[in-house]
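Asker: What follows is the residue order along each chain.
Number of protein chains: 2
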Amino acid sequence: MNAQHAFSDAERDTIYQLIALRRDTRHFQPGATVDEAAMQRMLRAAHQAPSVGLMEPWLFIRLRDPALREQVLPLVAAERDATAQALGERAAEFLRLKVEGLRECAEVLAVVLAPDDGTVFGRRSMPREMAICSAACAVQNLWLAARAENLGLGWVSMFDPAALGALLRLPPGAMPLGLLCLGPVAQFYASPMLEQQGWRKAHLTDHPDAPLCRDNHWQD
Amino acid sequence: MNAQHAFSDAERDTIYQLIALRRDTRHFQPGATVDEAAMQRMLRAAHQAPSVGLMEPWLFIRLRDPALREQVLPLVAAERDATAQALGERAAEFLRLKVEGLRECAEVLAVVLAPDDGTVFGRRSMPREMAICSAACAVQNLWLAARAENLGLGWVSMFDPAALGALLRLPPGAMPLGLLCLGPVAQFYASPMLEQQGWRKAHLTDHPDAPLCRDNHWQD
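Chains as they are written, first to last, in my numbering: chain A, 32 to 251; chain B, 32 to 251.
Isolated chain A (complex conformation):
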């Protein structure tokens, strides 16, 4: 691969199209599978993410065992109930939303923040934040790779991290950041599902009049 490759306008447009079409997915084709070569390509892309000081503080765990996938469900259900309670007057509306596709998706990957390896470079003043940022970049690579493979991916963060960590036998200091539902879909959402279901409007994304940045200071 040529590191100096100049992307053409057409290639650039493909990349912007990909970024625009990536969606947080909760509807999958039950019984479908992910091609193993595609899985390896997507995971490789995840590991090509940037990381602070090259610490690569992420680990992916593939939930292959159907019994283990079953054991995840009550953890997510419990957090969904706790979320409904915390939401108060929007609880009933919330409980009508589909918040995950764990049963139907072809594959479930847990993304785990690894125990701190003591890296100082680039994170002396923000150690935890920077490690989390690196792990999130790996997920975003995987997410974009999934859409490039014409697959859906949904990031489920509705769980108690300690309980999920125990289930996945994580070592002390590791923390699960997400359960990634991955697989073929019947169709891709044209806009964020939470918008389609009337839960919330994104105020920045895909709104041509929203300011894209501020100049010099938060407020002038």
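Hints are supplied without guarantee of correctness; some may be wrong.
As the list claims (entries may be wrong) - Estimated spans, in silico, between C-beta atoms of each pair:
#: 1; chain 1: B; residue 1: Lys-129; chain 2: A; residue 2: Leu-104; range: 44 to 52 Å
#: 2; chain 1: B; residue 1: Thr-64; chain 2: A; residue 2: Ala-34; range: 20 to 28 Å
#: 3; chain 1: A; residue 1: Arg-245; chain 2: B; residue 2: Gln-218; range: 26 to 34 Å
#: 4; chain 1: B; residue 1: Gln-218; chain 2: A; residue 2: Pro-158; range: 27 to 35 Å
#: 5; chain 1: B; residue 1: Ala-109; chain 2: A; residue 2: Asp-147; range: 19 to 27 Å
#: 6; chain 1: B; residue 1: Glu-135; chain 2: A; residue 2: Asn-181; range: 36 to 44 Å
#: 7; chain 1: A; residue 1: Ala-197; chain 2: B; residue 2: Pro-202; range: 37 to 45 Å
#: 8; chain 1: B; residue 1: Ala-197; chain 2: A; residue 2: Gly-119; range: 29 to 37 Å
For the record, the hints were derived by calculation from the structure and aren't laboratory data. Quick caveat, the model's predicted, so the values are computed rather than measured. We treat Cβ as the ideally placed atom computed from N, Cα and C, and that holds for glycine.
Let chain A serve as the given structure and place chain B on it in line with the hints.
Answerer: Leaving out everything else, chain B in the frame of chain A:
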């Protein structure tokens, strides 16, 4: 844009090429500029990132004022010194590394974690982690967009967030996560710069024999 677009194998390969070629960049062409239309496309791509509960907890600040860009330099220099001290026996080796391109790059963007808006959906149990993950995904989109525009981007996290927050007049609860150096480069790194300079080897990225994931549990 057709939400159901099926990416071709050639398009998919372009995307994987992009992900593989993105680098954390510290060498820029002094005096160069970024095309304004490209800047708007890149920022739009950043805002198309996923976010927990659609909270979009990021804000980008473009440091247009040359005086303000000058004021950032001593903050980064101070943190570089503190890092060297914290590194102990590798201090001298560290101080020989180029850790940022703030003077030479065409544009500097600060990425800021916005004050918590109270979003509960998807983050009741991990509120701060999930907001940070969302902001990091926005940066990763911007980073990939920059490489697609044949520009370099470097994420500088070597600063005291409180001091930088004061300089950028951030409101209470907001936190700068990075200074993003952006602009044309003479050439792109063929491998991570910290590897090229002998600081550290990435143990996962681009190493064909590294395990890409574990099955079912951290350790079986």
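Asker: All hints, please: hold or fail.
Answerer: Hint-by-hint comparison with the structure:
The beta-carbon spacing between Lys-129 of chain B and Leu-104 of chain A, approximately 49 Å, falls within the hinted interval of 44 to 52 Å. Take Thr-64 of chain B and Ala-34 of chain A: their Cβ atoms lie about 23 Å apart, and the range 20 to 28 Å holds. Roughly 32 Å separates the CB atoms of Arg-245 of chain A and Gln-218 of chain B, a value that falls within the hinted 26 to 34 Å. The beta-carbon spacing between Gln-218 of chain B and Pro-158 of chain A, approximately 32 Å, falls within the hinted interval of 27 to 35 Å.
As the Cβ distance of Ala-109 of chain B to Asp-147 of chain A is approximately 24 Å, the hint placing it in 19 to 27 Å holds. The given range of 36 to 44 Å is respected by Glu-135 of chain B and Asn-181 of chain A, whose C-beta atoms sit roughly 40 Å from each other. At roughly 38 Å, the beta carbons of Ala-197 of chain A and Pro-202 of chain B sit within the given window of 37 to 45 Å. Distance hint check: the CB atoms of Ala-197 of chain B and Gly-119 of chain A are about 36 Å apart, consistent with the given range 29 to 37 Å.
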